[in-house]
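Below are the chains, spelled out letter by letter.
Number of protein chains: 2
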Amino acid sequence: MIERATAFAPASVGNVGVGFDLIGHAIDGPGDKVTAIRTDRPGVVIEAIEGVITKLPLEADRNTAGRAVQSLLEAQQPGFGVKLRINKGIPLGSGLGGSAASATAALVAANALLPEPLPIEKLYPHALVGEAVASGSVHGDNVGPQLIGGLVMATRDRLISIPVPDGVHAAIVHPDHIVETRAARESLTEPYPIATVVRHHTHLAEFLSGCFRNDIELIRSGLNDVLVEPRRAGLIPGFAEVKQAALDNGALGASISGAGPSVFGWFSDHDSAQIAGQAMIMAFASVGLPAQAWISPVTSPGARLMEQRP
Amino acid sequence: MIERATAFAPASVGNVGVGFDLIGHAIDGPGDKVTAIRTDRPGVVIEAIEGVITKLPLEADRNTAGRAVQSLLEAQQPGFGVKLRINKGIPLGSGLGGSAASATAALVAANALLPEPLPIEKLYPHALVGEAVASGSVHGDNVGPQLIGGLVMATRDRLISIPVPDGVHAAIVHPDHIVETRAARESLTEPYPIATVVRHHTHLAEFLSGCFRNDIELIRSGLNDVLVEPRRAGLIPGFAEVKQAALDNGALGASISGAGPSVFGWFSDHDSAQIAGQAMIMAFASVGLPAQAWISPVTSPGARLMEQRP
Chain B
181 MIERATAFAP
191 ASVGNVGVGF
201 DLIGHAIDGP
211 GDKVTAIRTD
221 RPGVVIEAIE
231 GVITKLPLEA
241 DRNTAGRAVQ
251 SLLEAQQPGF
261 GVKLRINKGI
271 PLGSGLGGSA
281 ASATAALVAA
291 NALLPEPLPI
301 EKLYPHALVG
311 EAVASGSVHG
321 DNVGPQLIGG
331 LVMATRDRLI
341 SIPVPDGVHA
351 AIVHPDHIVE
361 TRAARESLTE
371 PYPIATVVRH
381 HTHLAEFLSG
391 CFRNDIELIR
401 SGLNDVLVEP
411 RRAGLIPGFA
421 EVKQAALDNG
431 ALGASISGAG
441 PSVFGWFSDH
451 DSAQIAGQAM
461 IMAFASVGLP
471 AQAWISPVTS
481 PGARLMEQRP
Chain Z
181 MIERATAFAP
191 ASVGNVGVGF
201 DLIGHAIDGP
211 GDKVTAIRTD
221 RPGVVIEAIE
231 GVITKLPLEA
241 DRNTAGRAVQ
251 SLLEAQQPGF
261 GVKLRINKGI
271 PLGSGLGGSA
281 ASATAALVAA
291 NALLPEPLPI
301 EKLYPHALVG
311 EAVASGSVHG
321 DNVGPQLIGG
331 LVMATRDRLI
341 SIPVPDGVHA
351 AIVHPDHIVE
361 TRAARESLTE
371 PYPIATVVRH
381 HTHLAEFLSG
391 CFRNDIELIR
401 SGLNDVLVEP
411 RRAGLIPGFA
421 EVKQAALDNG
431 ALGASISGAG
441 PSVFGWFSDH
451 DSAQIAGQAM
461 IMAFASVGLP
471 AQAWISPVTS
481 PGARLMEQRP
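Chains as they are written, first to last, in my numbering: chain B, 181 to 490; chain Z, 181 to 490.
Please keep in mind that the hints were generated in silico from the structure rather than gathered at the bench. Treat the numbers as computed from the prediction; the structure is a model and nothing was measured. For each residue, glycine too, the CB sits at the ideal point set by N, CA and C. Be aware that a few hints might be false.
[Said to hold, decoys possible] Label pairs and their computed distance ranges (CB to CB):
1. Gln424/B / Arg221/Z: 33 to 39 Å
2. Glu301/Z / His450/B: 31 to 37 Å
3. Leu427/B / Glu239/Z: 43 to 49 Å
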């Protein structure tokens, strides 16, 4: 019987521009680590939160990791409780799925303690319960790719892997600026005319078809968010300049990661992503924001166990 | 040199529920036939319109077939004119792409008269010009599949074939009732809240992914139009009953073809489509509308030359 397990969950690009609340991909870069420890007392206790951010609720049912593991234990009734130690590697409010990653890592760690651990996809409903604590809505575009890796379409009840042409890399640039997820959602309250919806769904269809057909030019045509980005761009200082820097350096498309302020671009290969990432950092610097960049294959791995002990 | 050519273009299911103005598929059933004849006088003349409907403009630039061929001749400058004889097999205002089919058949016939006929995909921009005469907007979800056959995503500048699982058939039921395309479009003027757009794009993404992954259950999950159908269902007497008849008989999904009043359902095989088609006819009969049904593979062929003479 495993008494203690530690798991890592990667950051992720939520929405991927055209797949609002639906599509995301894992990032090979920062992530959260969670250690789960068996306790005799039933229920979930958050013992410690360390790392890049520590001002998070310690009450298990107000914490994404705690709530997710509560949901798992309620369903599995293993006859023991779980103590969690959370190490945050992803800044909150960055648009990189930070609250989702704590839930995902906690689930993968706690799952290892079960007498018969579930297949990783079966953790998805519990990850959604955790994610909802932070965002106030149920959407799996971060926990989905964080669980199974790569580019993922996350519906309410299913995770579907989307293939990606070989070599496609993302540059993800995170400026030192906070956008509140809830505030970003309020920008979307004004309804949309049918013409915008049709432009949007055409782009999404091109993007998906391009991925399935291994057609870079179709991805380029589709990776253009006319739905959410125009409403949220104003919340990110320098967004237009950063996007332009990505496009000027060969991006297939560039947009906001999650609710921002991180900005991502997709590129046909690693080197162009790396060069563009530098240009995107410079563009943020031009409006006075320090920023850091990660270069990652879009098909990066999902959460994994790092250590387990009997 | 070919002096006279006759082409057939099939009817089509426009929108296919979740792909408003974007996705359509050819029908193996009714169609329009157009004969194109070389004339010394430049320009396009509509000589005759025969068949199921004849009250259409004879002025070439107000007729979808005439306008499409004008566009082709303007681009190709072959040094001759074209006379068209149109035989309508598709009722207008049926939602089966009748005006598009005249344009498509006319283009395929006129193309055969050129010294070097274009590949069929190159006729697409001219077909869009023709289609716009009837609908007042540029959308290729009928002319696209009518040109190249099968299930097609038609963007402004490209036709993309979408694979369909083996055996999938449509039942298409046309009641004796007229819905004006322009009136149907007016039902869409009220803008859409983001939650509806997200439900809609999730369905579209499931539908497309299901087609590419050969996953019938994903198609079933996605083939559910929450965008347009709720606004237009009231324009079709008995729509709810007809849709229910399709679903009760195993449909993967059912919705309005084009602007209606025709209703289509998708089924995993021919026999269930045939049985459901009868039930759908009965449902229209229950509200006093006579109707006819076609059963067709979704991967039906597009337009083709029937005859050409020097």
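Now the hints, each set against the structure:
1. Gln424/B / Arg221/Z: 33 to 39 Å: violated, 52 Å
2. Glu301/Z / His450/B: 31 to 37 Å: Cβ of Glu301/Z to Cβ of His450/B: about 34 Å, so the range 31 to 37 Å holds.
3. Leu427/B / Glu239/Z: 43 to 49 Å: Between Leu427/B and Glu239/Z, where Cβ atoms are some 45 Å apart, the hint holds.
Comparing the model with each numbered hint stated earlier shows that hint 1 is the single one that does not hold.
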